[in-house]
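Chains as they are written, first to last, in numbering that gives the first Met the number 0: chain A, 0 to 325; chain B, 0 to 194.
There could be a bad hint or two in this list.
[What the hints assert, rightly or not] Okay, the calculated bits of chain B under chain A, using three or more residues with CB under 8 angstroms as the criterion:
| # | region |
| --- | --- |
| 1 | 40 to 48 |
| 2 | 81 to 87 |
| 3 | 122 to 133 |
[Unchecked claim] Okay, the calculated beta carbon distance ranges per label pair:
| # | chain 1 | residue 1 | chain 2 | residue 2 | range |
| --- | --- | --- | --- | --- | --- |
| 4 | A | A191 | B | R21 | 33 to 41 angstroms |
| 5 | B | E123 | A | I58 | 35 to 43 angstroms |
| 6 | A | D99 | B | L120 | 25 to 33 angstroms |
| 7 | B | G64 | A | G94 | 49 to 57 angstroms |
| 8 | B | P191 | A | V315 | 18 to 26 angstroms |
| 9 | A | T316 | B | D157 | 21 to 29 angstroms |
| 10 | B | G171 | A | V43 | 44 to 52 angstroms |
| 11 | A | I58 | B | T173 | 33 to 41 angstroms |
| 12 | A | A97 | B | A10 | 57 to 65 angstroms |
| 13 | B | R150 | A | S229 | 34 to 42 angstroms |
| 14 | A | V315 | B | V154 | 19 to 27 angstroms |
| 15 | B | R38 | A | I58 | 21 to 29 angstroms |
These aren't lab readings, by the way, just hints derived from the structure by calculation.
Yeah, the Cβ is synthetic: ideal placement off N, Cα and C, and Gly gets one too.
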Amino acid sequence: MGMTDGRRGSLLVITLWVMTILTVFAVAIARYLSVEIRVTKYRVAREQARALAHGGVLIAMQRLSTDAAQEPYDWLEDDWALTASEPWRIMARAGASAADDDVPWVDIAIIDEERKLALNASGVTAAMLDQVAGGAPVGQAIIDYLDAADTAEDQPALPYYPKNAAVQAVEELREIPALQDLARTDPASFIAFLNQLSPYTPGPANVNTASTEVLVALKAGTVPSGIVQSFVELRGLGAANEPGGGDDCLLTDQPSSLADLAVCLGTDAPTVQNLVETLGSQSSVLTVTAEGVVPQPPVRYRVEAVVRRTGCGAGVTGPCIVAWRE
Amino acid sequence: MIAILFVGLGAHLRGGIMVWRRTTDTVERMQRRRAALDRLGQELASAFMYSSPDQAPPVPPAEFGAQRLVWYSSMASGSARTRLVRFVQYACGPIDDTQGLWRWSQPVPMARHGAPAAAELVLEGCERLSLRYAYLPAPEGQAGSGQLDWRPAWVTADKLPRLIELSVTLNGETLRRVVVVPAGELKVYETPPAS
Chain A
0 MGMTDGRRGS
10 LLVITLWVMT
20 ILTVFAVAIA
30 RYLSVEIRVT
40 KYRVAREQAR
50 ALAHGGVLIA
60 MQRLSTDAAQ
70 EPYDWLEDDW
80 ALTASEPWRI
90 MARAGASAAD
100 DDVPWVDIAI
110 IDEERKLALN
120 ASGVTAAMLD
130 QVAGGAPVGQ
140 AIIDYLDAAD
150 TAEDQPALPY
160 YPKNAAVQAV
170 EELREIPALQ
180 DLARTDPASF
190 IAFLNQLSPY
200 TPGPANVNTA
210 STEVLVALKA
220 GTVPSGIVQS
230 FVELRGLGAA
240 NEPGGGDDCL
250 LTDQPSSLAD
260 LAVCLGTDAP
270 TVQNLVETLG
280 SQSSVLTVTA
290 EGVVPQPPVR
300 YRVEAVVRRT
310 GCGAGVTGPC
320 IVAWRE
Chain B
0 MIAILFVGLG
10 AHLRGGIMVW
20 RRTTDTVERM
30 QRRRAALDRL
40 GQELASAFMY
50 SSPDQAPPVP
60 PAEFGAQRLV
70 WYSSMASGSA
80 RTRLVRFVQY
90 ACGPIDDTQG
100 LWRWSQPVPM
110 ARHGAPAAAE
120 LVLEGCERLS
130 LRYAYLPAPE
140 GQAGSGQLDW
150 RPAWVTADKL
160 PRLIELSVTL
170 NGETLRRVVV
180 VPAGELKVYE
190 TPPAS
């Protein structure tokens, strides 16, 4: 019953072919499954990062709501003040620390919109915008884009239309040729400039949080820039600062606030009056940036929400979202 | 014996490949649907009202209708930190004999100029896009109070809707999803004034 040597050899060849075909199938299926598993893991991580970012915005809104009930003025060391360089990090697992590099987290930063120049405010001038832009001559183009139509805006050679209405999102300014030029020649300055402008607040700027560039631009010609610089350096330094110190170098709701500011800055009362004139000390519109991070697979999901703390309509007591980017 | 073995093995493989192909087709179809609705939802989340009726710059108005969405959105461009404003439209219908969910997107100056936007097929086979918008329940004591009031049109011209229910009909099957526009409003329905 034994096979001949020739038949035994053909079976071996057939078996090898079958094995080869099955191996090819197995490799193809394994490869397909591997890709699908990776895509699914990425998908799950993305949803997790997204949920973390959305949750981060809600947590930040809760923090803003709590803070609003505490002090009638806002400053850069307030409870809500969380910078992008030192964000509030919340780990997604209870008890985990930042050293646990396999645990997802959310980074939350809150930036005051009233530290920026209110784009749609009536008192904004081309000179102020130029100043905030670091001297780049873009102010008149922005004013032309916003204000009522006039002949100065006619540029028939360009496919450009001024809006002649209030700006609802700062990205709209990218339609202006002068700003497109700035974005092309100096992208870093362009982004820095946009970060100094806010379409979400009607003003006034908060003197306790306003950026140096904005304060210098708003007070040009009325307050010496040295006083403005001193104020920016001294505000919020705490009790170690001499003279004055602590909240004295801020505009607060206290009756002695202006006199304290004058002592702190080493200047006279009229100068301090000029410094705080037309400015406020409260921040009602803030931008929350929440970035959900999943370490493995590496996914980041970023949400920016512009939040108004008060005045959200009849029957709404807490903060509300006025703009959202994700 | 070997022939029988091969026929059996071949039939088994063919059957297995058919099942595999059908399964992967189904999975990929579901992924395409999910990706399309995710994209629509994400673009809607970043929506904003470009202009209010009292400003009326000469741009196409946003439209939240029963079968069509038209709005302005802030979208990431190139690097993640720079964004652009785009005029976006979504609707179901046939274009060049291809039935599907189509998306049009263009910069605002182009929309203002009336330039046609290129259509992009987002989801092939879409037969119908139905949209409903959430309103707050009617005040106590009136019919319908207690649950959200879903209607096929958003009538507030200067505000965004907070919740939009998308129903996409594909090959007789209807997919439903509720999309949140965080900057939108929830309000009680008011009959729009006759124009």
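Outcome of the hint check:
Against chain A, the region 40 to 48 of chain B contributes 5 residues with a C-beta closer than 8 angstroms to a partner C-beta. That satisfies the three-residue criterion, and the hint holds. Here's how the region 81 to 87 of chain B fares: 4 of its residues keep a CB closer than 8 angstroms to some CB of chain A, so the rule of at least three is met and the hint holds. Restraint check on the region 122 to 133 of chain B versus chain A: 0 residues with Cβ-Cβ distances below 8 angstroms, three needed, restraint violated. Between A191 (chain A) and R21 (chain B) the beta carbons are some 55 angstroms apart, a value that contradicts the proposed interval 33 to 41 angstroms.
At about 40 angstroms, the beta-carbon gap between E123 (chain B) and I58 (chain A) stays in the expected band of 35 to 43 angstroms. A hinted range of 25 to 33 angstroms is violated for the C-beta pair D99 (chain A) and L120 (chain B), which are about 44 angstroms apart. A beta carbon spacing of about 50 angstroms between G64 (chain B) and G94 (chain A) agrees with the range 49 to 57 angstroms that was offered as a hint. The beta-carbon spacing between P191 (chain B) and V315 (chain A), approximately 23 angstroms, falls within the hinted interval of 18 to 26 angstroms.
Taking the beta carbon of each, T316 (chain A) and D157 (chain B) are about 23 angstroms apart, inside 21 to 29 angstroms as hinted. The hinted window of 44 to 52 angstroms between G171 (chain B) and V43 (chain A) is violated, with their beta carbons roughly 30 angstroms apart. Checked against the hint of 33 to 41 angstroms, the pair I58 (chain A) and T173 (chain B) passes, with Cβ atoms roughly 36 angstroms apart. A beta carbon spacing of about 59 angstroms between A97 (chain A) and A10 (chain B) agrees with the range 57 to 65 angstroms that was offered as a hint.
In this structure the hint that R150 (chain B) and S229 (chain A) lie 34 to 42 angstroms apart at CB is violated, the actual value being about 58 angstroms. The hinted window of 19 to 27 angstroms between V315 (chain A) and V154 (chain B) holds, with their beta carbons roughly 20 angstroms apart. Checked against the hint of 21 to 29 angstroms, the C-beta distance between R38 (chain B) and I58 (chain A) comes to roughly 27 angstroms, which is consistent with it.
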